[in-house]
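Assemble the complex: chain W is given as a structure, and chain B must be docked to it using the hints.
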Amino acid sequence: MKANCWMGINRVEVREVDDPKILNRRDAVVRVTSTAICGSDLHLYDGYVPTMEKGDILGHEFMGEVVEVGSGVDNLREGDRVVVPFPIACGACLMCEKGLYAACENSNPNAGMAEKLFGHPSAGIFGYSHLTGGYAGGQAEYVRVPFADVGPLKIESDLTDEQVLFLSDILPTGYMGAEFCDIKPGDVIAVWGAGPVGLFAMVSAHLLGASQVIAIDRFDYRLEMAREKAGAETINYDQVDVNEALKDMTGGRGPDACIDAVGLEAHHGFAPIHAYDRVKQAARMETERAHALRQAITCCRNGGIVSVIGVYGGMVDKFPMGAVVNRGLTIKAGQCHVHRYMRPLLERIEKGEIDPTFVITHRLPLAEAAHGYQIFKKKQEDCVKVVLSA
Amino acid sequence: MTATTQPDEQGEGMARVLGWASLALAVPQLVTPKKVLRLAGVHPGTASASLVRLVGVRELGAAAGLLSKPKQGAWLWARVAGDAMDLALLGRALRGAGTSPRRLTPATAAVVGITALDIVAGLQRNRAAKAEGATATTRARSAVTVNRPRAEVYKFWRQFENLPQFMHHLEAVDEHADGRSHWKAKAPFGRTVEWDAEIVEDIPEQHIAWRALPGSDVDNRGVVGFRDAPGGRGTEVLVELAFEPPGGPLGAVAAKLFGEHPDQQIADDLRRFKQIMETGEIVVSDASRDGTKTLNQVRQRDAQPGEAR
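As they're listed, the protein sequences go chains W and B.
If you're matching positions, the first sequence starts at 380 in our numbering and goes up one per residue.
If you're matching positions, the second sequence starts at 9 in our numbering and goes up one per residue.
Each hint can be trusted.
Pairs of lysine to aspartate or glutamate residues, derived as EDC-like cross-links and limited to a Cα-Cα distance of at most 20 Å, are as follows: (1) W:Lys400 with W:Glu457; (2) W:Lys433 with B:Asp310; (3) W:Lys433 with B:Glu315; (4) W:Lys400 with B:Asp310; (5) B:Lys301 with W:Glu432; (6) W:Lys400 with B:Asp298; (7) W:Lys400 with B:Glu315; (8) W:Lys495 with B:Asp271; (9) W:Lys400 with B:Glu289; (10) W:Lys381 with B:Asp310; (11) B:Lys194 with B:Asp225; (12) B:Lys194 with B:Glu183; (13) W:Lys381 with B:Glu315; (14) B:Lys301 with W:Glu494; (15) W:Lys711 with W:Asp696; (16) W:Lys477 with B:Asp236; (17) W:Lys757 with W:Glu392; (18) W:Lys400 with W:Asp453; (19) B:Lys301 with B:Glu289; (20) W:Lys756 with W:Asp599; (21) W:Lys757 with W:Asp599; (22) W:Lys477 with B:Glu244; (23) W:Lys433 with B:Asp298; (24) W:Lys477 with B:Glu286.
These aren't lab readings, by the way, just hints derived from the structure by calculation.
If you're wondering where the values come from, they're calculated on a predicted model, not measured in any experiment.
One chain only, chain W, in its complex shape (with noise of 0.2 Å):
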């Protein structure tokens, strides 16, 4: 079959690789129809993430057709659509009980290795490094997704490809982001980062009944995506303090919640403060630059959340825990529970009430990944969101 390889720092090459087959029991192969590049595939492509191997497949949302299913599987047959969530979980552990499945026990068969970085080991995910379990991603023809018993999401509505496809990560890790705020009537919420997650997470926050948006970022296509399709006020990080802006927005009292959906690529509007973290990070004496969650902090109100929803991965330096613990900040984080959303998500689709499709800026056939990667790592031809079909 073909599949998208990362082959080293900012190169990935469609190749011709073998087909995955059935290894467990509660397997499933899936024939892959629709699958997209994910904003935390840029930090992999960047070679920021560790534990990369040169050939691994890349791509960890995506949905597609049944094609085999292992004999412990009984609740998907052949032919049958699905959406696959990124974060493999076992159902069984007790994090999956809690419905915590990103955090799953069981489903990281390189535990010992992430348990060195993390003091505890993380759940498998789809092409996302060896860390991450080394999982076949599903930038392919077709993928093996295991415990195929409890991750896929049947699709039994005629929707199409594009309205559920975000299902397997990005709509409800918006929505999680969003969810983890406690929302209230009168609340604000900013946003930094207006790609795809943090446009999905304003959504989500309007949904949840936040009084007033606000997102930040320096692109204006990204910031005019998120007025005319989130309902959000947006600030341009490079033209104006974002702080001294907030506190204008807010009457002085600062944001009820931030959410970081940027991770550890951001950038900073002051050029010496972005050269500092850029210069440490090359030098691998701090693995992420996250001068979006600093600034969140700073600018969270008294007592105020913040929801870190973009990646991190390693050792943050500066941090200012000062202004968390002084003013009583809370801090939720964490790769998103996929599962336990995709179904009320769905619903919602259904209802009419979200319409992911409006993210999608380019469609390419799976053999153009590599241009793909490149206009949204470059934030070329005003690229947001890209959807390969396989």
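Below, chain B alone, put in the same frame as chain W:
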């Protein structure tokens, strides 16, 4: 989770001397790496200077180990490993540009001499340990919580024939009617060891202890405890293993160097045990299709479908 190797009692003099030597070497390597390079006959580039500093850091570590724990033979064998690394670096330098073979050759001869000294000291230490009757017992201990009832978890473990399913070193366990069992295991470097074992204690749903009978290839014993996790969170399983590593203390260090770390192994064994109990299978990814033994986790293959090796 802790593993310790506890050899030796005496003959620490040599270790102390080598400790001070390490310290004496480390200081110039850290402070004036370029002078060290010139002295050895290597053209001092920036990269090689930082390499010398790294070697200095290593020497400092060896000095700290040898001077604070001269009884621990492992530090001497760590020095031998360091010597091997130095020789490799010098060998590379010999082929590189800007080196002076006239100086480099005596430097290499000196390191060869030091290596010989380190090996002699290490062997002395091992012999002394043996003479004292001291052993190099390796202990490993790890705990896991299994989200299943205690009776079920105990029952699966008590059936020793199940153990090779998740303990990767075991090839087979056969239980006999008299309560004894025959164990067959993979030892480092492709060897197989066998032994007979008996159950020392068996309190249903709480505790099983077993030990190898005299005359075994590997003297070993193990104990596993089961107790309810608080709040209905399943069963806490705590395992302790102790064994005399094949090849004595040297064998234990060598095994660790080749990725056979007992702590990591028992932790990985318990993770597989948990997977079987909770999910009915051992989880496998494309990169781990050769199995999740410790060494495979260190040396990953790419995340692509394909045949197992």
